Each structure stands twice: as C-alpha cells, then as structure tokens.
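Kindly generate the complete structure, drawing on both the sequences and the hints.
Protein chains in written order, with my numbering: chain A, 1 to 233; chain B, 1001 to 1233.
By construction, these hints were calculated from the structure, which means they are not laboratory data.
Note that this is a predicted model, so its numbers are computed, not measured.
No residue lacks a Cβ here, since even glycine has one placed at the ideal position from N, Cα and C.
As a list, the in silico DSSO-like pairs of lysine-lysine whose alpha-carbon atoms are at most 27 Å apart:
#1 A/Lys10 x A/Lys66
#2 B/Lys1220 x A/Lys220
#3 B/Lys1010 x B/Lys1066
#4 A/Lys172 x B/Lys1018
#5 A/Lys66 x B/Lys1010
#6 A/Lys18 x A/Lys66
#7 B/Lys1220 x B/Lys1172
#8 A/Lys10 x B/Lys1172
#9 B/Lys1010 x A/Lys172
#10 A/Lys172 x A/Lys220
#11 B/Lys1010 x A/Lys10
#12 B/Lys1172 x A/Lys18
#13 B/Lys1066 x A/Lys10
#14 B/Lys1018 x B/Lys1066
Some chain B residues flagged as far from chain A (calculated, every beta-carbon gap over 12 Å):
#15 Pro1032
#16 Val1105
#17 Leu1114
#18 Thr1120
#19 Pro1122
#20 Gly1136
#21 Gln1162
2 protein chains.
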Amino acid sequence: MTPPTRLSWKDVRDEIHKAILSGRYGPGDRLPRDADIAEEMNCARSTVQRAMQDLSDSGLVDRRRKGGTRVRAEPVTRATLDIPITRREVEQRGGRYGYQLIRRVEETAPHSVLATFELTTPQPMQRIEALHFSDGRPYILEDRWVCPETVPEIRDLDLTSQSANEWLVLNKPYSRCDMRFFAITAEPQMAELLETEVGAALLVIERTTWIETAPITTVKAITAPGYRLLTTS
Amino acid sequence: MTPPTRLSWKDVRDEIHKAILSGRYGPGDRLPRDADIAEEMNCARSTVQRAMQDLSDSGLVDRRRKGGTRVRAEPVTRATLDIPITRREVEQRGGRYGYQLIRRVEETAPHSVLATFELTTPQPMQRIEALHFSDGRPYILEDRWVCPETVPEIRDLDLTSQSANEWLVLNKPYSRCDMRFFAITAEPQMAELLETEVGAALLVIERTTWIETAPITTVKAITAPGYRLLTTS
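Structure follows, in structure tokens:
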C-alpha cells in the first residue's frame, strides 16, 4: 500500500497556474475561495494560501482581504532583482575583485541630493567616489553620498581598503530602498576612470536608502560599457 | 474590558525586522524557530511563517527547510520591478498613448535570437518593429521576435491598431521570463525613429518569455533618452 500523498504548496501553485495559463480563468476573473480549493485538492488551507502568495508575488493574481483572489486584469511583468555587494558580484561572475578609493570629502549636499533624500534643510554629507575592478579592469564607478547624521561611524571609517558599499550593506540595514535605472553617456572624467571613450553609453543603477525616514545613503553605480543586469523568474 | 488583540503577520514581521536592524541578530545569525517565536508573541505559527516569507522576499533573511531561518550573511539589495504594458505605463505617467507599427516580416531567426530562446534548430519567426508614443513623442521603440510555433495566432493578428506587447501580455501568460537591462548608443535609424541624436545613450529592457520550454517572444524595449525605470521597496 502506498502512503497517501499530500500536495505541497508548489503542486497547488502549479495547478492554479495551469488553470490560468489554459484560459479556464481569464484576466479579471475571480478564483475560487482558498477554503474551497483546499477542500477540492484535499490539502490544508495554509497550503493554498502559500501557493496564492507565490502567484501574487509573481504578478499573476491580485489578493484582496475581502475580495478574494482575482487573475490580474492588467498583468505586469514582475521581476525580482537581487543586487549583491559589488565585491561578491565580481567574484560570482568569476572575476578577481579590486577596489580603489578616489576621493572623499565632507561638504554641503547639493539640492539634487537633498531632494533625492526627501530633505529640505541643507546639511553636510560625506561624498565618496570609488572604483571597483574586475580582473584589473574598471567595473563600476561609485558616486556616493552618505548622511553622517544617520551614520556617524562613516567619518572615522578607513575606506581605502574596504568600500563604503560593503561596509554599509553589512552594517546599516535599511527599511526603505528606492532604485532608478537609466542610461548616460560617459563624460571625459568618467570615461578616463572607466577606461572607455567619451560618449560611451553607460547603465546607471541609482539606489537610495533610509532607516524609517532618516536618510542613509544615495549612490550612483555607473557601470562600465557592456555591463548587463540580469534577472530570471 | 478590551478584547485581546491578536498580532497581524505585519506586526510580527516588523518586530523581527526591528530585532535585526538593532543588531540583536547579526549577519549569518540563526533566528529562533517559528514555533518559539509564535509562542513568545502569542500568535499562530502560520502568522510567523507569513512574516518570515515577507522578510525572505525582501532579501533580509534566508529560509531553509531544515536549517531554519538565518539573517543573510551576504545581504542583497532586493527590488521588485513591475513592468506594465506600455500603453498603461504611458497613461499611468499621465501621457496620451500612441502607437505605430513600423515593420513586420516572417523570416528565419538569426542565431542570436535562437540562442536567446535556447533553441538550436533554425525556424521562421515573426519580427515586429513598432513605436510607442507619449503625448506624440517617441517613448519606446519595440524590436520583437515572436515564435509562431508557440503562438500561431500571431500570423493573423492585426497589429496596426493593437500592439503585440498588449496582445501577448493579455493573451499569452508565460511560465518563465528572463530580463536584461543595458545601455546602448543610438544608431542612425534608431535615432531617427526616436527623434533623437545619433550617439544618445538609451536604456534597453530586454525580455524573453517561455511557456514551459516553448519560446513565446523576445523583445528589446529601446527607451527614448531620459527614460528612467523606478522601483520602491
């Protein structure tokens, strides 16, 4: 006698996914209640909830507390981006990591930086510029502002051997992160640092983090030509 | 007498998050077992599980079936990107949407396209080029390949009024999506279509979708200068 098999949440998710892919439930359609699916599939309601959460995370269905679950009428292409610290990223791609601090000053932040932080009062910030290398070639040029009011430790940190990127990610967890992706052409100074031509197209990944409403840091990771950010889901 | 209040999964998540932010649990540390947290916080174990799932989704902790939950030793900056259909995106940003089919041919796909689809045998594909406008200005230049073996309907579709982007998203749910983000400089033809200068830096969002292992479509969304992709978490 074989033991009765219990469906995992992934089995349940795949069944519901198939029903949507087949067109049995179309855009905007309401799905059966979790409890009814659980009864039909002979599994726990929490198993159905976990499956629905995953389908919601991938942008396929919408969950509402009272309104149940619907197939998204206006589906989105949802992708999860995991951006590791740059040292790890270089190593994961098989490169030898290198790092160089270029410049570090404390000055009143320009209005554009204050606006990014959603601040209105001018205040001194640390500006840190550094280069990350892969196999000796420039990989990312980091243009960063750090708020010493939130991160007083930054003033005494030795940033010649460890990057602000690494130290902040490991020591300053954030509660909010805004990201922007855009393209720029390399200006002369940028081109020289990245060892490329003036006018080359560069992908910029800008990140700004806060703990509650206190700004931690905003950074433009200016990537070298040919850089590709990948995601699979 | 006030009724006893039950913690929601968000309350539980915020408590655990705070414990990590405060440094009580550092990178790599193991968190208490779900059951122990549930007992301590006087809530259901499924509430703790839901909270942990959220913390895992945001890249703060790692869940292992047997190994319990750990604070990520190598934290990542995790962001969720929701890319709506282009018409909706333009409308959500307050623009008037416009669309124009530029070219549509069926031809043997080049090796680069076959490689993107993870195919080895050459086969005919529909190549579709189209322009999306916002307030009459070019917004995204779409350079797309569709696999008619997976999507036979594509051959008879009128793509002069509805974009392949919109039709595919609404009618062909996928089970896998790969995305790539990179920057290119505008070539002469591209520059003319996007009404910009040759050499302008353009952000490209490339998406490739499959249903199981059958390729659906691969598309380069070549965005106009100044385009910014945003994400908040």
